[in-house]
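*Asks:* So the sequences go chain by chain: A and B.
Under our numbering, read the first sequence as residues 1 to 235, first letter to last.
Under our numbering, read the second sequence as residues 1 to 235, first letter to last.
Be careful, since some hints might not be right.
Which copy is meant is left open, because identical chains are indistinguishable; a pair holds if it fits in one copy or across any two.
As the list claims (entries may be wrong) - 25 Å max Cα-Cα, derived SDA-like pairs, lysine to any residue:
1. 95 to 78
2. 116 to 84
3. 95 to 198
4. 166 to 203
5. 133 to 70
6. 17 to 205
7. 147 to 3
8. 111 to 195
9. 73 to 135
10. 133 to 89
11. 73 to 166
12. 166 to 184
Derived by calculation from the structure, the hints in this document are not laboratory data.
2 protein chains.
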Amino acid sequence: MKNIDVCLSPDLLHLHKINNSIVVVTDIFRATSCMVTGFAYGVKSIIPVASVEECKTLQNMGYVAAAERDAQKVEGFDLDNSPFSYMDERLIGGKIAMTTTNGTLSISKAKTDAVKVIVGAFLNLAAVVNHLKNQPYDVLVLCAGWKGRPNLEDTLFAGAVVDALKDEYFVAEDSAILAMRTYQQAKNDMLGYLANSSHIRRLQGLGINKDISYCLQNDLYDVLPVLRGNELVIH
Amino acid sequence: MKNIDVCLSPDLLHLHKINNSIVVVTDIFRATSCMVTGFAYGVKSIIPVASVEECKTLQNMGYVAAAERDAQKVEGFDLDNSPFSYMDERLIGGKIAMTTTNGTLSISKAKTDAVKVIVGAFLNLAAVVNHLKNQPYDVLVLCAGWKGRPNLEDTLFAGAVVDALKDEYFVAEDSAILAMRTYQQAKNDMLGYLANSSHIRRLQGLGINKDISYCLQNDLYDVLPVLRGNELVIH
């Protein structure tokens, strides 16, 4: 039987063997929610890069560039980290370069060893789950967290994936059980469950409650971003 | 207001500033449960060491030596990692040297920077909580986990401490909220909640169900082990 596991922080990724695994990277607030939204609205590809400098270089080469640090847009870039910025017809068919505090770093960390890296958010939960049901590999859900620390929203998403796949995969490890039970506890009122989370407070301070509610919606889009080489494209 | 936070794995300790914190180290199955039991039964001091070699050196110097790796006693040592081994009148007034897979390593990691390191288990939960209520520092509960991975039982204990102190401390970080809510979800049937955990399965394979039930009992002993220099003694 295939295994499904959860890594609560990229700083714990070294503990996981992922050379037989599909890694689902998630950063609910807001990197992977932005990516899914962008593809749903017609973006052609997204290159996730770890540093602001690399992102700048790609911008100079003609990419639309999105850089976020500490939940805010970095000066001189084209897009911020709100999913609503990705609902823009000027981006249709476009190529985006993106760097964020946590999400793109997690993708960089996973891509060397994993069988495949896909991008997950509540917005494309069913697309992620359906894809995983029909493949032969183990699964690791990698939570981007916040600067190395586990967070509630990514843990909830990881739990949603485990919960949906628990009959087809072996749920062996405590992090996966913890995430699944947390999701089961919270699923009927995720916004309420997250009310006191550190990142919700950080984002509310920036006045983006609209983003929060948006990112917690299930299955808005049937798109599955997957990493091919250094580029995310639709599967 | 003082802060209380939780570190779900010693591999994440580098993310926490603990120079104004009391660190509560917990390793429910079974290192810190053994320590609390030992002190309750009259042990005078316990030196936690990180390696089997250091433990052997102290044994040769006359200490009663306890070494566990992968949940089993290492050959040539005096005590295994069952709390029932510490209910022995030959240990009254004795000095013990101890090394375990996760628990003693966590103590070693925390001791350099923390204001104070104390040892917590369900067996002395009230003693830990009462001590923390009456001091001016921040608190970090450090879960020993299993070889760097978070586990359910230590997370539950961390949540029990946060839950008991939530009116007197600021619960700011997601790991602390996650642990507290997990404890609230599980507290009426911790054994049931843990039924599928990885370490429970590991221990059950070794036939030590008795240890598991024992370690999940609250407030059996009013003792608080605290690190003084390199030695744990009763506060």
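*Asks:* All hints, please: hold or fail.
*Replies:* Evaluation of the provided hints:
Taking CA atoms no more than 25 Å apart as the test, residue 95 paired with residue 78 passes inside one copy only; the shortest distance there is 12 Å, against 65 Å between copies. When the C-alpha separation of residue 116 and residue 84 is checked against a cutoff of 25 Å, the pair qualifies neither within a copy, at 28 Å, nor between copies, at 48 Å. For the homomeric pair residue 95 and residue 198, neither the shortest alpha-carbon distance inside one copy (32 Å) nor that between copies (44 Å) is at most 25 Å. For the identical chains of this complex, residue 166 and residue 203 are inter-copy neighbours only, at 23 Å across copies versus 32 Å inside a copy, given an alpha-carbon limit of 25 Å.
For the identical chains of this complex, residue 133 and residue 70 are neighbours neither inside a copy (35 Å) nor across copies (34 Å), given an alpha-carbon limit of 25 Å. Taking the shortest Cα distances, residue 17 and residue 205 sit within 25 Å of each other only across copies (24 Å), while inside one copy they are farther apart (38 Å). Taking identical chains as interchangeable, the C-alpha atoms of residue 147 and residue 3 lie at most 25 Å apart only when they sit on different chains, with a minimum of 19 Å there against 27 Å within one chain. Taking the shortest Cα distances, residue 111 and residue 195 never come within 25 Å of each other, neither inside one copy (33 Å) nor across copies (34 Å).
With identical chains, the CA atoms of residue 73 and residue 135 are never at most 25 Å apart, being 37 Å at best within one copy and 41 Å at best between copies. Taking CA atoms no more than 25 Å apart as the test, residue 133 paired with residue 89 passes in neither setting, with 33 Å inside one copy and 57 Å between copies. For the homomeric pair residue 73 and residue 166, neither the shortest alpha-carbon distance inside one copy (38 Å) nor that between copies (34 Å) is at most 25 Å. When the C-alpha separation of residue 166 and residue 184 is checked against a cutoff of 25 Å, the pair qualifies both within a copy, at 12 Å, and between copies, at 23 Å.
When the structure is compared with the earlier hints, violations turn up for hints 2, 3, 5, 8, 9, 10, 11 and for no others.
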